[in-house]
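**Q** Residue numbers (the numbering used here), protein chains in the order written: chain W, 851 to 1163; chain R, 32 to 288.
Treat the hints with care, since some could be wrong.
In silico SDA-like pairs for lysine to any residue, Cα to Cα no more than 25 angstroms straight-line [unchecked claim]:
1. W:K1150 / R:C102
2. R:K200 / W:K1115
3. R:K200 / W:V1011
4. W:K1152 / R:K51
5. R:K183 / W:K1152
6. W:K1152 / R:H125
7. W:K1115 / R:P153
8. R:K51 / R:R72
9. W:K997 / R:E205
Away from chain W, derived, C-beta distances all over 12 angstroms, residues of chain R [to be verified]:
10. D106
11. D189
12. L208
It should be emphasised that the hints constitute simulated quantities derived from the structure, not laboratory data.
Given the structure is predicted, the values throughout are model-derived calculations rather than measurements.
Built from N, CA and C at the ideal position, the CB exists for glycine as well.
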Amino acid sequence: MNRIRKVSSKIISEQEAVETFVKDGTRLRSGGIAVRKPFALLNEVVRQRKKDITLLLSGFTEDGDILVGAGVVNKLEGSYFGLEALGLAHNYRRAYEQGIPQKILIEEYSNFGMTMRFMAAAMGLPFMPTKTHLGSDLVKYNVLREKKAHVLEDPFTGEKVMLLPACHADVALVHAQRCDADGNLQVWGQIGDDEWGCRAAKVVVAEVEEVVDESIIRRDPNRTILPGFMVDAIVIAPFGSHPYQCQGYYDLDLEFRKMYASMTKTREGFLQYLEDWIYGVDSHQEYLKKLGSERLERLKAKPYFSEPVNYGY
Amino acid sequence: MTLPYTLAELMAVHAGRQIKDGEVAFIGTGLPMLGAMLAKRLHAPHAVMIYESGVIDARPKRTPISIGDACLVPDSAMLGGLVEAIGFLLQAGHVDLGFIGAAQIDIHGNINTSVIGEYHHPQVRLPGSGGANDIGSLAQRIVIMLAQDKRKFVEKLDYLTTPGYLWGKGARQEVGLPRGGPAKVITNLGIYGFDENLEMYLESYHPGITIEKIKENVSWDIKISPQVQETEPPTPEELRLLREEFDPQGIFLGGRE
């Protein structure tokens, strides 16, 4: 595969990244389990009013809920659809229970099941075996696939194992702390299923807090989760995962999350949220302006540095 | 009768007391997070706390609001992702206990967190498994926590998200699960164990709650332990820690009367 791009730079705007790579009907993997969610890109997907997207992730929270409520997503493969300590996800409920704004179809697995499915795709395998899902209704109802799981008797011991099919994505979105101009992508803090989710996609679009000099990345290569040749586009998006956290950059905005949970209890409230925070702002830059510098300053992470390590030999 | 603590506080305290010193515990969102903070501070300083998004041996300085909270990262022993937390630790059998919430539970401790009603056309669509199926399938034992009423303690689940003891003796082995099963159920009314037939029974009723009230809130004829007693109340120190240090904003414990 020729990975040499015919573009002068991978660093593009979120508008161009979404226009170029996210099409109607895309199988879209979005990142982050409870941390580092790529909201700058997801909001742009909503702004560009994409349709018929299949969304893939282990743990959906506001990310999946917004895309479902905005009518962007009509199929999901995943395991969790809620707002964690803040309660149930209302758009998701309205869509599933009442078909508002449209009926959604869900293929459900567990968190680990989804991660194993991404891992299978990432490694070029048709499936991965696990010891979860056994005996549960997770494997009883298949919605999108003709066969969603298979119990195999281990040919060596006779023990039962659950095989889960590879989950391939057309495009993966991810929010990372930093990369260099080639896209060598570094993440620290909790990884969730980001490594495997990204590696399972044909195209990776990364939003990052900052693009740093190549030497900074290459002097600390253990932190890299994807080599640059696998990253197709880079969007510079400081505070891009607001209202979620990004380790070393900012804390969660609990007030904002509470506001979302409360506003989205009604369809009208959600439409207001869309107008206020997505359609009514042209870009991530505008979104940050609306939040205000004082609020962003308050969320900024306190310094807590580790010691440098010696990579010498 | 007015108690000097809430039932949510009592639940958090008893969640914490399930963790023994030196054990490896898998902590889920909500009251178990407060329980884990209490355990680590009071009776289980050597317990190893695992959080699903990839934190191993966490020592958070504030109570995390979710399994991915960045406050879990500084001073933890090791970081990875779900592959490390679930694949390497849970699946390989290194986790002693895990905590799970439930919307419905049956006599064998099977759990529904997916739908109320018919699967394709439910009255309420719930969050689904998340990591619950993984924890319930793979931990050495699990502790289930929920607010109790008759519609939640059901004879038949609307959907089996996470296996407890399935249909009873030998069932987990038969379907291929490697180990585990529910050890305790902690509700706002009482604490339950499982007998030799792997059926739930009442171990203790909370102060201010009668056995009668418990029976009214279970839709099968719940067995009562011959040694049934009142649930031990929280200690003043447990309450102080919960209120002043671990949940001063009442995020998990809600408003206090």
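**Q** Look at each hint and say if it fits the structure.
**A** So, going through the hints one by one against the coordinates:
Distance hint between K1150 of chain W and C102 of chain R is fulfilled; the C-alpha atoms sit about 13 angstroms from each other, no more than 25 angstroms. The hinted pair formed by K200 of chain R and K1115 of chain W fails the criterion: a straight-line CA distance of about 43 angstroms is larger than 25 angstroms. Taking the CA atoms of K200 of chain R and V1011 of chain W, the gap is near 20 angstroms; set against the 25 angstroms cutoff, the hint holds. About 33 angstroms separates the Cα atoms of K1152 of chain W and K51 of chain R, which puts this hinted pair outside 25 angstroms; it is violated.
Proximity of K183 of chain R to K1152 of chain W is assessed by CA-CA distance (about 43 angstroms); at most 25 angstroms being required, the pair is judged violated. For the suggested pair K1152 of chain W and H125 of chain R, the alpha carbons sit about 34 angstroms apart, so the restraint of at most 25 angstroms is broken. In summary, the hint linking K1115 of chain W to P153 of chain R is supported, as the alpha carbons are separated by about 18 angstroms, within the 25 angstroms threshold. Proximity of K51 of chain R to R72 of chain R is assessed by CA-CA distance (about 12 angstroms); at most 25 angstroms being required, the pair is judged to hold.
The straight-line distance between the Cα atoms of K997 of chain W and E205 of chain R is roughly 22 angstroms, inside the 25 angstroms bound, and the hint therefore holds. D106 of chain R, annotated as away from the interface, has a beta carbon of chain W within 12 angstroms; the closest lies near 9 angstroms. A beta-carbon of chain W comes within 12 angstroms of the beta-carbon of D189 of chain R; the shortest separation is about 9 angstroms. L208 of chain R, annotated as away from the interface, has a beta carbon of chain W within 12 angstroms; the closest lies near 5 angstroms.
Hint compliance for this structure: hints 2, 4, 5, 6, 10, 11, 12 are not met, and every other hint is.
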